[in-house]
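Construct the complete structure from the given sequences, taking the supplied hints into account.
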Amino acid sequence: MDDVAKEAKAFFIIGSNTTEQHPVFGTMLRRAVKFRGAKLVVADPRKIDITEFATLHLRQRPGTDIPLINGLMYIILEKGWEDKSFIEERTENFDEFKATVMQYPPEKASEITGIPVEKLYEAAEILAKNSPMAVIWAMGITQHIVGVRNVMDLANLQMLLGNMGKAGGGVNPLRGQNNVQGACDMGGLPNVFTAYQPVTNPEVIEKFAKAWGLDHGPQTVDDKTLSIVNGLSSKIGLTVTEMMPGILEGKTHSLYILGEDPVMSDPDTNHIRHSLEAIDFLVLQEIFPSETSVYADVLLPGVTFAEKTGTFTNTERRVQMVRQAIPTQGDARDDWWITSEIAKRILNTRMKDEGGRMNEAAQYAGWDYKDSSDIMSEINALTPSYGGITHARLETGERLQWPCPTLDHPGTPILHTKQFTRGKGKFMPIDHVPPAELPDDDYPMLLSTGRVLYHWHGGQMTRRAKGLMQVYGEALIEVNPNDAERLGLNPSTCLASGQAPRNVVRVTSRRGFIEAQAWITDRVPPGMVYANFHFPNASANELTHASLDPVAKIPEYKITAVKVELV
Amino acid sequence: MTNKKILYPPIDPEIDKLAQHHGGTREATLEVLKDLSADHKLNQTTITEAARALHLPAHEAYGMGTFYSMLSLEERRKVLRVCDGPVCWLKRSTVDGGQQTMADEWSSMVNGQWSVERTSCLGLCDRAPAVLVEDEQAGPVEAGEIKKICKGWRGVQTDYSKTRKGEVRVMTALIGKIDPDSIDDALSQGVYEGLKKALLSEPTVVLAEVESSGLQGRGGAGFPVGRKWRFVASEKKTPRYIICNADESEPLIFKDRVLMDTNPHQLLEGITLAGYACGASEAWIYIRGEYEYQARRLERAIEQAEAKNLLGENILGSGFSFKIHVHRGAGAYICGEETALIESLEGKRGEPRLRPPYPPTYGFRGQPTAVNNVESFCAVPHILKNGAEWWRSLTDDSTPGTKVYMVLGHVKNPGLFEAPFGLTLRQIIKDFGGGMTKGSKFKFALCGGAAGTIVDKSLLDIPIGFASSQKGISLGAGSFLICDQTVSPVSFLRELLHFFTVESCGKCTPCRVGTWRSLEILNHMASGQGKQGDTEELKTLAALMQDSSFCGLGQSVSIPMKSMLTHFGAEFAKAER
Amino acid sequence: MINLKINGQSIQSEPGKTILQAAQAHGIEIPTLCYHKDLNPTGNCRMCIVEVKDWRIMQAACVTPVWEGMEIQTHSEKVEIDRKLTLELMLANHPQDCITCDVSGECELQDLAYEYKATAPEWGSKGTRYPVDSDPNPFIRVDMNRCILCRRCVSACAEIQVRDVWGVAKRGFDEVIVAGANTAMLEARCESCGQCVAYCPTGALSNKMNYGMARAHQVTKVTTTCSYCGVGCQFDLLVKKNKVIGVQSNPNAPVNGMALCVKGRYGYDYIHHPERLTKPKVRRYLLEGKKKEEIREQRVVNRKNSPTDPLVSSPWDWVNVEWDIALDIAAKKFMEIRDQFGADSMGFLTSAKCTNEENYLMNKLARQVIGTNNIDHCARL
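Residue numbers (the numbering used here), protein chains in the order written: chain A, 1 to 567; chain B, 1 to 577; chain C, 1 to 381.
Keep in mind that the hints were calculated from the coordinates and are not lab data.
Computed from a prediction, not measured in an experiment: that's the story for all the values here.
Worth double-checking, as some hints may not be accurate.
Each computed DSSO-like pair below joins lysine-lysine, with the alpha-carbon atoms no more than 30 Å apart [to be verified]:
{"hint": "1", "chain 1": "C", "residue 1": "332", "chain 2": "A", "residue 2": "235"}
{"hint": "2", "chain 1": "B", "residue 1": "385", "chain 2": "B", "residue 2": "412"}
{"hint": "3", "chain 1": "A", "residue 1": "370", "chain 2": "C", "residue 2": "240"}
{"hint": "4", "chain 1": "C", "residue 1": "240", "chain 2": "A", "residue 2": "251"}
As structure tokens, this is what we get:
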């Protein structure tokens with residue numbers, strides 16, 4: 001982030017409300033614009049705060065990122081602004097890609113996105129002529145049924161301009177939560193072990209089976225007989241967005257949830273509630289009773305970050321220490337301890353039942369950890385990119401970004417400097433696919449969802465912070481002044497003088513409705529409303545739908561058809 | 001607080017229009033605020049709106065709105081600004097002893113349509129006691145005449161057309177000989193001939209001529225004008241700018257006003273010549289807000305000069321294009337300091353900048369900028385017209401050329417005159433001031449300006465120049481306030497400190513608190529409540545302000561303090577108990 | 001390189017460095033107040049003045065560049081007298097209540113006054129000019145009486161947060177720091193990041209949430225990483241008697257330096273919130289050996305009753321239990337389901353809010369112990 005903020009000559013922020021969602025990084029960008037004169041192009045349907053600093057704000061229609069990016073690339077190619085030597089030396093599949101881009105002349109891109117042609121030209125010029133240029137994106141790009149395509153198209157743009165593997169360039173996803181990166185790195189995904197080692201790779205299976213004392217090696221798994229002790233599953237598992245519907249389909253019978261609140265954070269809350277009502281057994285490990293705990297059978301009190309020691313990995317792959325500052329509260333216990341106690345109990349019983357077929361002598365078979373640094377040693381051994389990242393090194397003040405394979409490796413601040421992971425960067429031809437649910441006669445408006453500066457995710461923590469609630473104490477629904485007038489809202493909420501009159505709107509989608517105070521503002525374009533999911537009494541996810549990106553299985557939170565009425 | 005989000009409606013259309021009218025950028029801020037203030041509409045809401053229209057943080061506009069004394073956020077009626085300068089004070093020093101200002105006295109005498117405010121020296125010392133009626137200069141005005149003032153009477157203009165014995169008039173030569181509003185008059189008397197001549201030579205030749213004339217800046221510091229221009233001309237960065245410092249706010253000084261009032265084209269010619277020599281394209285005359293009358297005169301003159309192609313595009317076919325703007329201040333002594341002036345011109349609070357870099361390298365808008373005093377510019381056309389040799393030949397003194405002086409206070413014939421350097425105070429009083437007034441005996445004089453030296457009779461015969469301050473008598477901007485035996489040194493110093501306290505910008509600790517505390521002590525001493533150690537504390541504070549203040553203002557407060565204490569220590573000792 | 005002498009000691013410095021930087025690089029201390037290394041120096045307070053040979057007036061070390069042959073005295077008698085006097089001018093208008101002031105012990109003004117034996121003179125306002133706690137901001141306590149007009153808050157807001165809330169109003173002795181057009185901070189578009197508090201050298205800007213809760217020497221500081229977004233800011237948790245009472249910037253934080261956002265700096269009070277889960281709980285039916293199918297109906301009924309009403313007993317009630325019981329039940333039920341429906345009937349949601357170590361164990365539990373790859377977290381959400 002430091003290199004991006006300090007060295008980029010231009011930024012392209014698309015689908016990231018940076019100053020509200022990643023505030024400190026947002027201020028770095030503001031500084032770059034204000035004091036270093038860096039150019040900033042923001043593409044966002046909403047007039048988010050950072051647009052105040054933008055050289056240019058493109059207000060594309062929601063769900064038209066691909067035509068926008070393709071349109072920009074068309075102009076870049078038309079003007080000959082592409083980095084020809086980078087394309088030649090570092091990439092492949094350019095011609096096929098180009099053929100697709102050529103389907104998006106500016107006039108067509110403009111028609112789909114609603115952005116005037118001249119603004120597209122202006123944006124393309126800024127992005128192409130200021131190198132290095134950094135693309136910054138977040139959930140606004142991924143939370144679409146075309147999330148993966150969006151991401152690939154942004155990579156296309158950066159390869160086209162030769163901005164990959166450069167300090168101050170690259171594609172820079174901003175991870176939504178403190179340790180999303182770490183959760184992914186640590187194998188918290190259905191298809192990979194730690195460090196993205198595929199569960200489908202026999203060598204990887206062999207490695208983990210051996211380390212974890214499952215010395216019978218890999219075996220093919222059919223649906224009924226299941227390997228428990230004698231092998232690891234090589235079948236790609238279910239994503240969260242598949243597990244939930246799986247409950248009602250009779251596929252998922254139990255859930256062990258660590259510090260998550262699906263009722264608040266998953267799409268289509270009603271559906272989630274039905275699913276959780278039906279589950280056979282739900283263990284929830286949490287710090288607060290949550291909307292989800294209503295459905296739990298066992299509730300295990302974990303601890304906050306102030307009570308634990310371990311590591312978080314930030315959005316730029318920087319691994320940093322979390323240090324215990326206070327004793328665990330009440331009878332709450334370290335989350336690692338709870339998990340390992342459950343594991344030990346299952347293993348002990350199973351050992352008896354199944355005749356001790358596990359090789360207990362294997363180095364990492366057991367679960368007797370002294371502390372979290374002990375766990376990190378195991379991670380070091382089994383996770384190539386984390387091989388050299390130990391608590392001891394971090395405690396001496398070393399600043400480590402993975403990959404850091406060995407104890408003497410200094411870490412890697414910038415990826416792909418010389419080569420892409422797969423060798424040459426492959427251009428992917430990407431076509432536009434309209435969003436899954438668009439406004440129609442019954443639900444004529446469009447809802448987008450997200451967070452606000454003062455709250456965070458399901459709001460479990462921030463709703464329990466007094467000051468934050470004083471500043472932002474209830475759900476607000478952003479409504480454009482034009483729509484407000486049409487809906488008969490009291491326009492005096494426009495005034496900066498505060499003390500807004502009650503102006504409650506009901507937003508209804510095919511799945512549910514919420515009622516909350518309207519915030520009349522031109523942050524949202526006409527025809528669009530914006531809601532957050534911080535408050536259980538008016539969570540946007542009552543309305544959202546579970547249409548998923550086919551690859552990443554991310555729901556399309558950003559586009560829901562709704563109708564809005566004055567209450 | 002809940003949900004009290006800042007929702008931004010469109011900017012108030014009237015204020016937006018006003019902002020666009022003045023250019024729509026930060027530099028227009030002062031103009032916008034002045035207009036709002038003049039319409040009695042300056043308040044937190046309009047300031048916030050103006051800031052939005054000008055793309056400024058609200059605090060910056062508010063910071064300005066509360067910095068300049070002519071702006072007011074308070075409900076006001078028509079404003080009478082009563083001068084609180086030392087000369088005006090002296091005119092009524094019978095009311096002395098306390099801290100009651102003339103404004104206090106007057107405010108009970110006007111009807112409900114008027115508000116009365118005190119103001120620092122209006123630069124109308126030759127018309128003392130002086131008043132600013134809205135934006136019209138008036139004086140002399142005695143308290144009894146206040147009703148006349150409210151009805152439109154403005155007192156008497158001083159006539160400078162008569163040359164005093166011993167004067168050498170160069171810059172003041174045309175006073176009374178031309179109609180200042182007529183460019184034809186000016187042209188017929190040879191104004192712009194220096195420019196016409198100069199445009200035939202290369203800028204380097206013009207620069208060399210000014211350099212060899214040895215012209216020194218007339219603002220008070222005496223920095224060689226040619227050298228400053230050389231710095232600017234040799235900077236690679238363009239555009240370069242010229243700024244005329246017409247923020248004549250130093251108490252006792254009004255020469256620039258007279259020069260602008262009586263011969264505005266002379267100044268425009270000088271500024272244009274500076275632009276030509278420095279390779280600049282634009283100039284600003286930063287004129288104090290209290291000189292609205294003179295500002296309008298300059299604007300008329302600029303219009304006339306542009307019509308005659310003596311300004312504007314391709315002047316007289318020379319290929320040289322030059323524009324002059326008039327920018328009005330809004331009441332802040334500190335803006336006479338050149339970097340504070342630049343800040344103010346850029347639409348900020350008039351606080352001095354860090355130096356280095358100096359304006360010739362990093363001035364207005366960060367570009368190379370020459371800042372000179374009105375009088376300095378006025379000398380230039382004559383140098384170009386008659387040659388550097390001629391300029392040097394005007395005097396035997398080591399400082400070439402002439403200087404416009406002011407003599408004030410208890411002399412028979414106060415006013416303004418022009419003469420070469422090297423005069424003694426005795427000459428100034430006797431030869432030019434006509435001697436002390438009847439019944440007056442010389443006690444002390446304030447020399448140069450409020451930030452000048454106090455001298456007693458021991459220094460009457462020292463020739464005064466830029467270097468004489470080392471001997472205890474300063475030239476400054478060339479004004480001398482003569483005080484007789486009736487004036488109390490303690491009260492006089494109190495007046496000066498009152499001025500500095502009001503005008504301190506507040507940026508640095510020693511000046512911000514030092515002036516205030518010095519005034520507090522002097523208030524006590526002047527009202528018979530002095531106590532032992534007061535003089536010592538004044539000395540300590542003076543030394544601190546001199547040593548460690550941020551800018552010249554704070555540093556020079558110590559000059560009158562120290563010299564007063566040196567010469568009249570006994571009277572201060574008396575005031576201690 | 002530029003050669004100069006500080007206090008008689010010959011040193012070399014890169015051109016363009018200030019006297020202060022050159023001195024600090026050679027371990028020579030010069031007192032400062034308005035200066036902070038993260039912010040553009042302004043030279044306001046005049047604490048860092050030094051004597052430069054052949055210069056009439058003192059130079060502020062924080063803004064004066066070094067030049068060849070410069071000879072500097074940083075602690076001459078004259079300099080020390082002026083510094084002490086300058087401090088006294090500040091103290092004259094500063095409240096004389098260090099004894100109850102919240103930042104006593106970490107106040108730069110207090111430290112310098114102590115060092116210079118500067119005391120408040122008899123005159124001055126003694127800090128009675130402004131209302132105390134004058135801004136309704138829920139996080140930031142404003143007491144302009146304690147302000148020494150160093151303007152660090154103005155710089156921090158403009159240069160670090162780039163929000164430009166704070167500014168300077170009026171002039172001379174009346175000069176005062178204001179938010180926006182002298183409004184409440186939030187109205188001046190404050191984002192409550194608290195950068196101004198972090199940079200304030202006195203108690204003029206302090207934290208409301210822990211006002212009066214602890215003196216600097218009473219807290220332990222524990223450096224840790226923020227638990228909100230993915231930027232990875234680090235800061236110090238302030239701990240007193242086993243309670244987190246505040247968050248303080250840690251200048252060595254790799255990503256963010258002194259900067260934090262409103263959630264990171266002020267969103268910590270959930271840690272000790274009374275609703276924290278502190279006991280393992282299981283539903284009563286699990287203790288009674290019932291099956292979930294049998295009690296589903298009762299569960300719905302019960303949800304309509306007060307969950308806290310002790311008179312209403314239902315199999316769906318929460319019962320606080322010992323860890324062993326809760327863990328045994330969890331393990332047993334997991335094994336039952338695995339045996340009955342297979343490992344792939346079980347799902348594991350690990351957490352983007354938990355540590356790497358905890359996530360690793362969830363991955364190991366699902367894969368090694370249970371034998372399923374049904375593990376995911378909310379990266380997608």
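inquiry  = If you test the structure against every hint from before, which numbers come out violated?
reply    = Hint check: 2, 4 fail, others pass.
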